Every structure is written in structure tokens, then in C-alpha cells.
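**Q** Residue numbers (our numbering), protein chains in the order written: chain A, 1 to 545; chain B, 1 to 308; chain C, 1 to 249.
Read the hints as simulated data drawn from the structure, not as lab findings. Every value quoted in this text rests on a predicted model; they were computed, and no experiment measured them. Do not rely on the hints blindly, as some may be mistaken.
In silico lysine-lysine, DSBU-like type, Cα no more than 30 angstroms apart, as pairs [as the list claims (entries may be wrong)]: (1) C/Lys247 / B/Lys16; (2) B/Lys267 / C/Lys241; (3) B/Lys16 / B/Lys277; (4) A/Lys475 / B/Lys277; (5) C/Lys241 / B/Lys139; (6) C/Lys231 / B/Lys277; (7) A/Lys438 / C/Lys20; (8) C/Lys231 / A/Lys438.
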Amino acid sequence: MSEPVRESMEFDVVIVGGGPAGLAAAIRLRQLSPEINVCLIEKGSEIGAHIVSGAVIEPRSLTELLPDWRERGAPLNTPVTAEDMLYLTRNSSLRVPMLDRFMPHMANHGNYVVSLGEVCRWLAAQAEELGVEIYPGFAGADVLIEDNRVVGVVTGDMGVGRDGEPGPNYQPGMELRARYTLFGEGCRGSLTKKVMAHYDLRSGVDPQTYGLGIKEVWEIPAEKHRPGLVQHSFGWPMDNNTYGGAWLYHFGENLVSYGFVIGLDYANPWLSPFDEMQRVKLHPAFRKHLEGGRRIAYGARALSEGGLQSLPRLTFPGGALIGDSAGFLNVPKIKGTHTAMKSGMLAAEAVAEALKAERPEPAAFTDKVRRSWLWQELRGARNIRPAFARFGARGGAVYAALDAMLLRGRAPWTLHFQHKDNETLKPASVCAKPDYPKPDGTLTFDRLSSVFLSATNHEEDQPVHLHLRNPSLWKTVNWDVFHAPEARYCPAGVYEVADEETAPRLQINAQNCVHCKTCDIKDPTQNIDWTTPEGGGGPNYPAGM
Amino acid sequence: MTALVLLDHEGGQIRKAALSAVAAATKLGDVHVLVTGDAAVVLAAVSIAGVSKVLHAADARYAHDLAEPLAALVASLAGGYDHIVAAAGAFGKNVLPRTAALLDVQPIPDVISIESADTFVRPIYAGNALATVRSSDAKKLLTIRSAAFDPAPAKGGSATVETLPGVDSPEVSRFEGVQLSTSDRPELESARVVVSGGRGMQSEEKFHTLDPLADVLGAALGASRAAVDSGFVPNECQVGQTGKIVAPDLYMAFGISGAIQHLAGMKDSRVIVAVNKDPDAPIFQVADYGVVGDLFEIVPQLVNALKK
Amino acid sequence: MKILVPVKRVVDYNIKPRVKADGSGVETAGVKMSMNPFDEIAVEEAVRLREKGAASEVVVVSVGVQQAQDTLRTALAMGADRAILVLSDESPEPLAVAKVLKKLVDKEEPSLVILGKQAIDDDMNATGQMLAGFLGWGQGTFASKVELAEGRARVSREVDGGTEEVSLSLPAIITADLRLNEPRYASLPNIMKAKKKPLETLQAADLGVDMTPRLTVVSVAEPTERKAGIKLDSVAELVEKLRNEAKVI
């Protein structure tokens, strides 16, 4: 297909991604100057459609951004009222005592259990009221770089057939040109990836390490519901070398958010994050909350776990990376919303100044981050995740407790990440296969019935949005050495091995994709390239996610 | 109480769905039927079990079942009836709501269960939920889902016949012709039998294994999304949440595992047959009859057995 | 010539509807809502007729809650010229909607009203026919093709087992079936322009229409799940069962 003629539009600022970072940046920009015209695009069919998070959020950034959020009806309705941190063994659990002393980062007093999707929808309404132009259903497909400066993005073409040829409804993507472009695509953004490569933004920092979070929302009987109860677990079913744990939050009207996060630096190619997530529900400490309820939603998303050591250079000529696109998540706290929002707000301030001074790069963003509580917070947390990578789950927990009690995050050393997550798998032949129970259809389910609940859809007649850079590598590496780990780590059943007995080949069911980005991260040779499908495609997460 | 059933017919034959509508109406009281068209249909109608009177709209303006004159006629007859009923097909759905407007009634389409004279169950959201509704209208206008009611026996009745004069209505529409589908295979969504294949069909060529079976059954050919994604068949064959929703009398699934999104498209079929080599395939959880085995052996055997 | 296109805001077709735990209905709070897919086809057809020069103006109308204006904006972004929102309760019945539309038709005097054949929430398939009944106009329901010529509309209708052709004198009602056309994507510039197109808001009560529903929803339930049947050992057994037990062949 030849390059189509594209229409173009001009803005002061274009923001890619309607998550907490992008929306906070948009709001802050208009607060600072109602003159600045701001356009925000979101690949989901609506704001919130692709948002997955626990979520217990700290309202700190929200209060800084919109001090009257309560009066404005922000959907922060369930304050945390009780919390437990459990160490699980196969059949029992141990409650960590004096949580606020041993694991102060896990203490949630003053925080709220929310549906982050709902919070984002509300933030979008605030932003629109301030004059931000928000366009869901449009994916950022490419970055416009001219004279080594980012000058905007190109939205994806619509109506291209599976064969790559324009169909009857073909609608070429548009150039959205901007003086500054902010990338708030969340973890492992597809445009962020391009920008990082072009400007070599990761030079001199630790490799990013990631986690995969898989979530379900349950509706449980009213008599069992304890709004504001927050429960976390570590230990079983992860072995000592695998970072992972489960959460369970009671919130809203008889709703429970249940989920599981696993570090993507795991080694066993047989491991299936989805099945781990399912089996934790069978543990008495979780089962008792969910029994008698019904599952109403499902979703998954990768998250950045590298923290401070893995933060790339944040700015480049013409823009900046914000939120989890940069990697501002605080892993020990397992919270990224307040840090994402803060980063968006600080980037907005830097961009507003750069606009005035007509500077090409909003470089002040980095200084602003360094001088803010955001930096202090990430600095205090910086050694905990790498300690788990280095010392295992139990050693990591002990380190975390010592760090909290004795050093208070001010250790004179910094632990580093040594490997990229795609390098950590061991050959399948030397690893043991976990014995996952079959789904029971009541508490535990299979992948496809789960994806069904995510209301995922992609227009069928479009090119496959998951590319193998080198198709022949699949057989020699993925199959022969690792026995197709993608068939297990993908929480949506996108990757399937067909004709296993005769001539194994990879079947990509791109339609199932929930846009979690795990394949882009974990494929052993980074052979899978996740690109944006037609705008509006992907999951349609309901309220509660 | 008396119900009037609008009896739709094609090529001189009363549709089976109309007989189901009669069966449903017998639950509501005495049944009269309204017949348009020629005498052959009237002759067939008088012997339907449970029908006491046949009203024959013989006037030429009703010959093609145009909604505009027919609704005016039905509305003029409505005084004598508590319920006016039709099958939930293109005919009933065209005529009945227009009649309802003339009578200031909210119609109740797609009834699958009659709870009482004023309370009915009907699917909403493409069958994802069942609503029980109670009507406060003096007259109830219903269309009936044929799959939910066994058809009334075509024989056994002995109804009287009354020929109706034409009723005036504005001449705003004109019948220009009808083209019945000439394809050898019925359309997926209206077929009585659907033969479907999945990933287990292995290839585009081998998918044709199903052709002789579809031929012998007069069935439409369907496929799972996996088969479509693998390029065995074009997208318009897809049965499922993102494809076509079908509810035939007989649905036969070959080499289909039974992903929930496929089940969403065929679970309302009356009888489901599954053939799969994996005894744990989820399709067996919804199948009335299952055979575990190699479909490439089973399909030819089936064709032979059915030809006998 | 003016075309009126009524559109409805419904739960998006990608969302699996969930029956509320108390059985009072289907959950719509916090669920993605979109334009009824059949109505998109109706809008597309009207816009194409205008683009071909067969019509001069496309007016879209929705009867429902305030948020239905998003649905109207979508229709405007697809190319409709202006919109009317008639405010009422969440899901008015087709009877009441048809009465509201009759009032608007009296006022706007369109030559053609194109609607989706049914809404994918209540699956009623009635509003177009009822509006035609109230107006005494001809109706071309379940249309797969529409041609306008010499003051008439020739409509191909999808009927059981084939296609029927009818010719209607104008003004007339047409209800759109799936195969009528494939709706376009609204482009970004058109979405932006749509924000500035006129949208008039009316109250159903001000039109003098009694919106009281005639149907009371007693309960809403999930359909019972199918149960696993039996496994058979041979093809002969299967054929025997299908012939004599299930009686489907």
C-alpha cells in the first residue's frame, strides 16, 4: 500500500493515552493556561476501556490537581478500612503482624479502593470541562519526527483489510501535529518504544523490569461484603525465586477486586501467570471471600517494576514520557496512579514553561521530578524490587523489612537489575511443569471464557497487529527450546500452537488480544512486536475495572 | 377468550412457524385464524387441530401480505379478540406492530412462554436475558418464537370458514415481486440445520469434507472463529458472538472445541451434536449428543447412514 | 427533501449483558453505550442519499436520557446535519417513541424516515412499523436496498427465504437491515465538526405524549444454561437418536 495522503491538524500539545498520567497532564495544562490547546487521543473505544488496575489509590496527586475532588463527585467512594498482608503456604496463611512497622509501604490508611477505569472517566469529564479535546477510538500508530524533533503523531488508518489493502470504508489516519507531544501510553507503549529507540533514552539506566497483573471483578453476596477491606498475599504458589502475589479488595456495591501480579523476570517457561492467578482463588484465604459470588469482569495489563534505576531520560526535543510509559510505578507500594498523575502534572508544568520560552525540549520536567516528593518516594523504594530479584521472595521480604525499619529507604547503596525480562527463561527441558488444576467453572475458569468477560473485540478484517519480526525464529527458539512460552504467558489465549504433533506452528488469534503487552516484553528474542490495531479495538472494560 | 392468529404461508403451504403460533394461541383460549391468499391455504387451515374458525381475506389487495392493507384489516377485526398472534418471522414482525399502532397497543414480540393471559416471557439482548413482562393493554399483540412451541397438528380440526370483505386503507405500497433464494444452501441465519467446522478441520481443502453432509441434510455451512482465523473459510461463515447468531433445529459441530464466544452464537439451537477427538472439549458440555472420535472417519459414515 | 433518522443509545454490542443480581433488569450503569448498530446503518443510508443528491438534509433524533446526545453527536459526525434530543426516562417503549416521532414528523415534514429495524437491547423490532401505522405511510421494513425515483421508494426487503421488492409512495418509512450498507467510520475532523452542529433539546412531556409504559417488567433472568447430553459410541446410534428421539432429521 502506498503512503496515503493524510489530513493534518495542529495543536499546542498532543497527549497519547487517556490514563491517569495523560488526563492529569491535560488538566494541569489547561489550568496553567486556558490558551493552550490540548488534544488527547486514546486507542480504547472510550476513556477507561483499556484501564486495568487494583486499585487502591493514594489521593495525594488528585488533591494537588483538583483540591475539590470530593465536591466534584470523584468516584473515590470506598476508604480502606482494614488490611491484611498474608504469607501463604499451600493450605494456610500467616498474617504479617504490625504491618505499618514491617512493611510501612504497604500501609493504606487514608487510601481508597477504586475502579481506576471509573476514575479515568471522571477525570476525562473534568478535562473536557476545562476545554481539553478528547478523542477515544483513535490509536497513535506512528511518531512524526522532523529535524530530529517530535512534531506529533499519526493516528491509525481505519478500514484496512486483512490483506493490508484499503477496504470500502477506508479512512486514512491523520497527522496530529503538536509543539509538544506527551506519551502516556502506560507500560511498554508502542510509540514510547519508538521514541526511546530514536533518542536512545535508555542509555545508562538499568533495564526495565516488568510485571503482569491479571484481574477479575466479582460480585459477592451482600452479607459477605466488607467494603474497604484490603488483603494482599505473597508466598504460595510462587516459588522463592519468583516475584508475585495476589490482592483482594472489597469495594463499591458488593464488588470484590481480585488479582495477581507476577514479575516477568520468572525463569520457568512452563509457568502460566493466568493459571497461577486462577489457582490462588482456591486457597482458603481467598476462596472464602469469593465463594457464592459471580465473576463479572476480567482483564490484564503489564506494569513497569523497575522504579528509579530503570527510569529513562524523560524528555526529548518536542516532548516527554509520562506515567508508566516512563516507569513511575512504586513497586513496593504496588501503586502507580498517584505517581503517574504527578508525573503528568510536572510534565505539564514543564511544557507550559517551554511553550512560553519556545524551547524545543521541555527539559525542566526532569528537574521538577527530582525536586518533588515523587523522586523522594521512588528513591526510598528503589532497593526493594531488586532485592527480591537478588535474594528471592523470603530474602527480599526480610530485606524490605530491614530497609524500612533500619534504613528508612536511605540505604547508601543502590541494587541494580541485571537482566532484561526476556533473557531470564530457562530451557523447557530443565524446568518442572507446574500441575495446574482444571477450571471448575465456579471459582476458576479457562482463558477464553475470561477473555469473553473482557468484552474484547477487534474489527475482524484488519491486518494482524502482532508481528513476528523473524517468523523462522519461532520454531527454532520458542518451540524447540522453550516449548512456546507465549501460549502460557499470554492471559488472553492469543498464542496457540497448532498441529502440535505433526508440524507445529504458531497460530496468532489477534482478536483476543487485551493489549497487556506481555508478549512484547517476554518473548525470548523480543521477536514479537506489538503494534496498535484499528482504533477502538481491544477490551471494553466495564465499571469496576 | 378468543385469539386471532395471522397464519402466514408460502407457496400455498402454511409455514411451520405459523402452526407453532396456533399452538401458543390455544393456551390463551379459542383460536380463529386469518388467512390471506387462495383457497388451498384455507382448505389446509380448516383442519389444523385447535382452530374453530378460519377467516379468509380473499380480496386481491391482501394477496401479497402487504402490511398496510393487512394491518387495517386486522385492526378492524380486533374488537372480537383479546389476543392477536403471529409467528415471529418477517411476516408477523412486519404486520403486527403496525396493527398495534392502529389499536394503541404496545406489542410483545418473540414470546417464548405464556405465563398467563397478560404475562409473557421473551428474550432480550439477543437471548442473553429473559424478560417476563405483564401487559396492561386491553388487547395483547404477540409474536411467537416457533422453537418454543411444538407446532399444532396440521390435521384433526374442523373449523368453519368465513370470507371477509376488503377494508379500505390508503394505497401507499405496491408489491413488485419476490425472489426466493436460489442458492443450493440455505442462509446460515435461517437454516433449519447448520453443519459447522472448527480448527479440527485442519485446512481449507479438508473443510470440504463437510460439503456432502450439508448437501444430504440441506444444511447451511458454518464455522468457528478459529476456523475463520486459520483461513479455512470466509468470515461470513462465522458463528459466534462476533459472527452470526443462529438457532436452528439441528446444529452439528465438527472439530469445534467450544470456545465461549462460539457457544454464544449457537447455544439456542434446539438440538446440538458435537464430534471431537478431545473428550474434554467444552463443546460436549452443551451438546445433546456427542461422539468422541476422528471427524474425518465419522463424517463419511454419517453421510452414508443418512442417505439410506 | 428531508430525511429523519431516529437513533437509540444502547449497551455496546461488544458487551455481554449482565442481569442484575436482584433480577430487575440488565446492568447499564458503568457499561459502555453506543449507537444501536442498525441505526448506524440507517444514518449511513440517509447520509449516502444526501451525498448522492437525492436528499437535502438529514435530521437525527433520539428519545431518551441526556447522555443520548453522545449518540446524536456520533450521527452528526457520520454526516447528519442536525439533531433533536427528546428527553424521557431511560428506556421508553416503542409505542411511546413512535408517538413522539409522529409529533416530530408533523413538525419537520420529512419525506422519508429511516430507522434501524430493531434495537439490540429490547429487540422489539416495532418502532418503524408503529410510526408508519400512526402516519398512515407505507413501510419498507428490513430493507437491504433502497432506490428513490419519481416520488417513490423502491425497497428490497429481507423476508423469510428470500427478498421481496415493494414500491412505496413518499413520504414513507424504511427500516434498515444488516445488509443495507456498511456504515463509515467517523473521522477525527468530522467528530470535531459534529460538536458545532445544532442539537435541539425537547421534553417528551412538552410534546403532549403520554410516555407511561404499557408493559411492566416482572423480572429479568439469565437463560438457563444448557446441560451436557449423552456421548454415543457409533454413527448408527447418532442417526437413530436424531431420527427417533430428537426428530430433527
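**Q** Need the status of pair lysine 475 of chain A, lysine 277 of chain B: alpha-carbon distance at most 30 angstroms?
**A** holds, 26 angstroms
**Q** Given the hint that lysine 267 of chain B pairs with lysine 241 of chain C, does the C-alpha gap stay at or below 30 angstroms?
**A** holds, 20 angstroms
**Q** Is it true that the CA of lysine 438 of chain A sits at most 30 angstroms from the CA of lysine 20 of chain C?
**A** This hinted pair holds, its Cα atoms lying about 29 angstroms apart.
**Q** Keeping to a limit of 30 angstroms between CA atoms, is the pair of lysine 231 of chain C and lysine 277 of chain B held or broken?
**A** holds, 12 angstroms
**Q** Are the Cα positions of lysine 16 of chain B and lysine 277 of chain B separated by 30 angstroms at most?
**A** violated, 36 angstroms
**Q** Would the hint linking lysine 231 of chain C and lysine 438 of chain A be met if the CA-CA limit is 30 angstroms?
**A** OK: lysine 231 of chain C and lysine 438 of chain A at ~21 angstroms, within 30 angstroms.
**Q** Assess, step by step, whether the Cα of lysine 241 of chain C is no farther than 30 angstroms from the Cα of lysine 139 of chain B, and give holds or violated.
**A** Distance ~43 angstroms between lysine 241 of chain C and lysine 139 of chain B Cα, so the pair is violated.
**Q** Check the hint pairing lysine 247 of chain C with lysine 16 of chain B against an upper bound of 30 angstroms on the C-alpha distance.
**A** Satisfied, since the Cα-Cα distance of roughly 15 angstroms is no more than 30 angstroms.
When held up to the earlier numbered hints, the structure conflicts with 3 and 5 and fits the remainder.
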